[in-house]
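There are 2 protein chains.
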Amino acid sequence: MKGFTFFVVAVAAIVGLVALSVPAPGHADAAPAPYVTEMPNGYRDWQWVSSAHEAGNLNSLGAVLGNDIAIKAYREGKWPFPDGSIIAALHYRNIPSDENNKVFGKEQSFVPGAPTNIQFMVKDSVKYAATGGWGFGHFQGGKSADAAFMKPCFPCHEKAKATDLVFTRYAP
Amino acid sequence: MKGFTFFVVAVAAIVGLVALSVPAPGHADAAPAPYVTEMPNGYRDWQWVSSAHEAGNLNSLGAVLGNDIAIKAYREGKWPFPDGSIIAALHYRNIPSDENNKVFGKEQSFVPGAPTNIQFMVKDSVKYAATGGWGFGHFQGGKSADAAFMKPCFPCHEKAKATDLVFTRYAP
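Protein sequence lines correspond, in order, to chains L and F. Okay, so the first sequence: first residue is 59 according to our numbering, each after it adds one. Okay, so the second sequence: first residue is 59 according to our numbering, each after it adds one.
Keep in mind that the hints are not guaranteed to be accurate.
For chains that are exact copies, the list does not tell them apart, and a pair is met inside one copy or across any two.
In silico lysine to any residue, SDA-like type, Cα no more than 25 Å apart, as pairs [claimed, not checked]:
#1 LYS201 with GLY142
#2 LYS160 with GLN177
#3 LYS164 with GLY100
#4 LYS160 with HIS196
#5 LYS130 with GLU216
#6 LYS136 with ASN158
#7 LYS130 with ASN159
#8 LYS164 with ALA188
#9 LYS160 with MET97
#10 LYS160 with VAL184
#11 LYS217 with ALA206
#12 LYS217 with GLY200
#13 LYS185 with ILE153
#14 LYS160 with SER202
Calculated from the structure, these hints are not laboratory results. The model shown is predicted, which means the values in this text are computed figures rather than measured ones.
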């Protein structure tokens with residue numbers, strides 16, 4: 059019995075390892091992962107595209123930054139964005155600035171509070187062909203969201219087809 | 059008479075030219091101008107410090123960018139900012155994004171509209187010694203505001219003495 063138990067545990071362990079390493083269901087054809095699951099390097103140094111405030115439940119204040127390729131395309135007003143473009147959306151809680159408001163004498167100043175998430179769009183027309191050439195990523199505390207969470211990204215961004223699936227405009 | 063008229067016009071023209079080139083009243087001691095009256099070059103390429111939303115009458119949405127010296131000081135959390143630091147505040151009307159709201163199905167998305175003004179703080183502890191080492195600038199459509207308009211900059215920013223007169227914090 060001892061040998062059999064070991065065998066079962068070993069098989070279970072191997073199945074577990076294999077389960078961890080194979081793509082999620084639906085991508086068992088070994089196609090590239092359709093999501094961005096690693097944070098692009100150096101995004102905090104990228105140039106500013108625009109700011110955004112989402113009211114309501116999101117209550118978010120943040121900025122969109124772009125790598126050199128994306129910024130160049132933005133400035134030239136050229137769509138579609140070329141491969142290699144990466145756009146980062148840095149989101150924070152939208153909170154009142156007590157120290158600013160004290161100076162202003164009224165509740166008018168809102169600033170980024172705690173970071174909430176960072177989202178990326180990575181252009182690779184081959185790798186992400188199934189989602190309009192863009193890979194979508196969502197990170198909280200540096201950790202990637204799972205595929206189920208990111209599934210709605212593409213159908214929503216697809217509504218911005220006229221601007222190559224990108225909602226954010228370049229602020230002059 | 060003709061000669062005298064020419065003389066008067068010539069003198070008036072010279073006085074006009076001199077009036078344009080001498081410092082504003084109150085700085086006739088040839089001290090350096092206490093305000094920033096020329097837009098620093100390349101500010102739109104600088105790195106992002108943070109975003110800001112001012113509600114109420116200002117109804118502004120914008121971003122603060124910093125040149126390399128300012129960004130380094132921000133990231134090291136080192137005050138006072140060293141000479142050469144320049145901080146730019148780019149302001150726009152805070153407007154709803156109709157196209158985003160159509161996708162969200164509700165009025166929640168606000169984005170930068172028309173540019174309103176750009177403000178600068180330039181650190182030069184000698185040139186701007188009288189205003190805490192910072193020169194203040196305010197530009198609309200690329201044109202500098204006059205000295206009277208910028209006079210309140212310093213007394214207001216002085217209230218942020220604990221952070222070297224700078225209100226905006228670095229967003230991580």
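Hints, one by one, checked against the model:
| no. | hint | result |
| --- | --- | --- |
| 1 | LYS201 with GLY142 | within (22 Å within a copy, 37 Å between copies) |
| 2 | LYS160 with GLN177 | between (33 Å within a copy, 21 Å between copies) |
| 3 | LYS164 with GLY100 | neither (37 Å within a copy, 34 Å between copies) |
| 4 | LYS160 with HIS196 | between (35 Å within a copy, 22 Å between copies) |
| 5 | LYS130 with GLU216 | within (22 Å within a copy, 38 Å between copies) |
| 6 | LYS136 with ASN158 | between (39 Å within a copy, 20 Å between copies) |
| 7 | LYS130 with ASN159 | neither (37 Å within a copy, 27 Å between copies) |
| 8 | LYS164 with ALA188 | neither (50 Å within a copy, 28 Å between copies) |
| 9 | LYS160 with MET97 | neither (38 Å within a copy, 30 Å between copies) |
| 10 | LYS160 with VAL184 | neither (53 Å within a copy, 30 Å between copies) |
| 11 | LYS217 with ALA206 | within (20 Å within a copy, 48 Å between copies) |
| 12 | LYS217 with GLY200 | neither (28 Å within a copy, 36 Å between copies) |
| 13 | LYS185 with ILE153 | neither (38 Å within a copy, 36 Å between copies) |
| 14 | LYS160 with SER202 | neither (38 Å within a copy, 28 Å between copies) |
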